[in-house]
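Start from the sequences and build out the full structure, keeping to the hints where you can.
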Amino acid sequence: MSKIDIRTVNVVQYVCPLREGGSLPAIVKADDGFLYVLKFRGAGQGKKALIAEFIGGEIARAIGLKVPELVFMNLDDSFSKTEPDEEIQDLLKFSVGLNLGLHFLSSAITYDPLVSNVDAMTASKVVILDSLISNIDRTAKNTNLLNWNNELWVIDNGASFYFHHNWKTWENHLTRTFPLIKDHVLLQKATSLEKASEDIKQTLTANKITEIVSNIPEDWLISEADSMSPTDMRNAYIEFINAKLSMIDLLVKEAEDAR
Numbered sequence: 001m002s003k004i005d006i007r008t009v010n011v012v013q014y015v016c017p018l019r020e021g022g023s024l025p026a027i028v029k030a031d032d033g034f035l036y037v038l039k040f041r042g043a044g045q046g047k048k049a050l051i052a053e054f055i056g057g058e059i060a061r062a063i064g065l066k067v068p069e070l071v072f073m074n075l076d077d078s079f080s081k082t083e084p085d086e087e088i089q090d091l092l093k094f095s096v097g098l099n100l101g102l103h104f105l106s107s108a109i110t111y112d113p114l115v116s117n118v119d120a121m122t123a124s125k126v127v128i129l130d131s132l133i134s135n136i137d138r139t140a141k142n143t144n145l146l147n148w149n150n151e152l153w154v155i156d157n158g159a160s161f162y163f164h165h166n167w168k169t170w171e172n173h174l175t176r177t178f179p180l181i182k183d184h185v186l187l188q189k190a191t192s193l194e195k196a197s198e199d200i201k202q203t204l205t206a207n208k209i210t211e212i213v214s215n216i217p218e219d220w221l222i223s224e225a226d227s228m229s230p231t232d233m234r235n236a237y238i239e240f241i242n243a244k245l246s247m248i249d250l251l252v253k254e255a256e257d258a259r
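With my numbering as the guide, the letters of the sequence shown map in order to residues 1 to 259.
By construction, these hints were calculated from the structure, which means they are not laboratory data. No experiment lies behind these values; they were computed from the predicted model shown. This list has only true hints and no planted wrong ones.
Here are the simulated distance ranges between beta carbons:
no., residue 1, residue 2, range
1, Glu198, Asp77, 47 to 55 Å
2, Asp32, Phe94, 21 to 29 Å
3, Thr191, Ser78, 46 to 54 Å
4, Asn215, Lys93, 21 to 29 Å
5, Ile6, Thr110, 19 to 27 Å
6, Ser229, Thr191, 42 to 50 Å
7, Trp148, Glu224, 34 to 42 Å
8, Asn150, Glu224, 41 to 49 Å
9, Asp77, Thr191, 49 to 57 Å
10, Met228, Pro113, 33 to 41 Å
11, Asn10, Asn172, 37 to 45 Å
12, Asn150, Ser229, 39 to 47 Å
13, Glu151, Leu18, 16 to 24 Å
Glycine residues also receive a C-beta, built at the ideal position from the N, C-alpha and C atoms.
Take a look at the structure:
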C-alpha cells in the first residue's frame with residue numbers, strides 16, 4: 001500500500017468564508033495555485049477537530065473511499081490585518097501557523113439522500129468508517145458527503161474521536177460500540193456491510209494506522225489543557241482505532257440491527 005505523503009502549502013489568498021459550516025471554514029488559494037477548504041485551528045473545537053478530520057480522512061482513503069486531498073496549510077499573520085469582518089479577523093489571528101486544507105471540489109453538490117445515488121459497497125464502507133471513528137455527524141440533517149463527477153466523496157470528519165475532548169476518560173471508550181449509527185444517512189443503503197468489513201480488515205492494517213497517526217503535526221498535539229504528552233496521545237489514537245477494528249464484527253452487527 002502506498003505511503004502517505006502529506007504536502008504542506010502556504011495560504012496566499014483568503015477567498016471567502018463558507019457560512020454553512022459551524023466553525024466558519026473558508027475557501028483559500030495556496031501557493032501551488034489550487035483552491036482549498038481551510039479548516040482553522042482557531043475555530044471552536046480547535047486543533048482536536050483538525051486531528052479528527054485528518055485521521056478520519058486518511059482512514060477513509062485507506063479503505064478505498066474517495067476523499068479530497070488533505071494538505072497542511074501555513075497561515076501567516078498578514079491576513080487578519082486586512083480582514084474587515086471582526087469575527088473572521090479573530091479567527092485568522094488565532095489560526096496563525098499550521099492548519100488543515102481539503103482540496104476544493106469545484107461544482108460538487110451536497111449528497112441528498114432523496115435524489116443522490118450511491119452503491120451498496122460504498123455506503124457500507126462509509127457506515128463502518130463512521131462506526132470505527134465514532135463520527136456523530138453524518139446524518140440526513142448534515143450529510144458531510146459530496147457528489148462530484150458522479151462519485152461519492154467523504155468530507156468533514158471533524159466530529160469524530162470525541163473521546164479526545166476528555167483525555168482523563170479516553171480508555172472508557174475502547175470497548176464501546178456506536179449506537180448512534182442508527183441515525184446515519186447511508187444506513188438504509190448499506191446492504192453490503194459484511195463484505196465491506198472483510199475488505200476493510202484487509203486494507204486497514206496496524207502499520208497503516210500507525211503511519212496515519214504519526215503524520216499528525218506535533219504542534220496539534222500540544223495543549224495547555226491536556227496533561228498527556230504528544231507521544232501518549234498518538235499511542236492512544238492508535239490503540240483506539242485498533243480496538244475498534246478488533247470489534248468490527250460487533251459494529252457491523254449493531255449497524256445491521258439498526259438497519
